[in-house]
Amino acid sequence: MPEPASDQRTGTGFGKVLVFVYGIFALSATGRSSVQLGTKASEAPVAYSLSAFAAVVYIVATYALATDRRRLAIAAVGIELVGVLTVGTTSVLFPQDYADATVWSDYGNGYGYVPLVLPFVGLWWLWHTRRHTRRSPSGGPSGAPPGTKDS
Amino acid sequence: MLVLHYVLTALCLVTVLVVVVLIIRDRAPGDAVLGLLVVIELGLVAQLVLGIVRVAGPHDGVSVATYVGYLVGSLLILPAAAFWSLSERSRGGTAVLLVGVILVPFLFLRLAEVWGTHA
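Just so you know, the sequences run in chain order P and A.
Position 73 (the first sequence) corresponds to 72 in numbering that gives the first Met the number 0; numbering is contiguous.
Position 23 (the second sequence) corresponds to 22 in numbering that gives the first Met the number 0; numbering is contiguous.
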């Protein structure tokens with residue numbers, strides 16, 4: 000049975016909570032990487048650069064989800080998923096290559112594995128609130144045609 | 000410091016219960032929840048002051064930047080949650096408060112960890 004066209008913005012309802020959780024990770028990854036790069040950058044440059052990269056990804060994802068920019072959100076959450084799986088797997092297989100932990104090390108076990116679960120939840124939410132090509136006449140708040148809010 | 004953390008954790012748990020009931024009943028949080036959040040936030044301000052005093056003393060290799068970062072960061076959680084929650088009066092909006100009050104005790108654990116691994 001086809002679902003009714005969804006007019007839900009990505010930053011409303013459950014998305015409100017999701018944006019808040021992404022915001023927390025944006026804040027903590029930014030804080031973590033600034034402290035690491037600011038006080039001991041030479042100790043583990045790869046790990047700390049990855050922390051900074053993760054911070055940027057979380058900031059973009061938070062912004063995109065909050066403002067209903069779906070394509071940007073899918074890109075950011077997709078990169079986040081690839082990042083946590085890649086860094087998680089390599090940090091388990093080659094722990095000697097990581098002089099210090101990053102947000103995504105060991106699949107984010109330093110953060111209760113939330114970094115591992117979050118991109119799946121994010122992609123599910125983006126799929127759940129996806130726009131359908133057929134829209135009811137009462138459409139969106141501004142009556143904008145489908146896709147104008149994208150990217 | 001430790002006593003303050005126990006008291007604040009208990010207050011957070013009470014707030015979690017209240018907010019869960021509100022989410023189940025689909026009611027908007029009122030003055031009781033706001034009051035609890037304000038009291039917890041005041042406790043976090045006290046934690047910041049006590050923490051700075053603590054880290055100004057002998058701290059035996061504890062990263063001052065990390066420790067103060069967590070102290071200041073913990074102050075931001077509840078105001079951000081309250082602000083973000085107020086922008087939508089719904090279950091989702093109320094659940095933002097839930098995430099915030101659950102997060103605060105975890106920051107106490109992180110603070111203890113940051114202090115403990117070096118002290």
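Treat the hints as calculated values from the structure; they're not laboratory data.
Idealized CB from N, CA, C, for every residue including glycine.
Among the clues, some could well be false.
To be verified - Computed beta-carbon distance windows for the label pairs:
#	chain 1	residue 1	chain 2	residue 2	range
1	P	E42	A	V20	31 to 37 Å
2	A	L12	P	N108	34 to 40 Å
3	P	Q95	A	E87	43 to 49 Å
Unchecked claim - Which residues of chain P face chain A? A few of them, derived with a C-beta cut under 10 Å, are:
#	residue
4	G10
5	F19
6	V20
7	Q35
8	A40
9	A43
10	T66
11	R70
12	L84
13	G87
14	L92
15	F93
16	Q95
17	A98
18	L115
Quiz prompt | Hint check, failures only | solution = Result: hints 1, 2, 8, 9, 10, 11, 12, 13, 14, 15, 16, 17 and 18 break, sorted rising.
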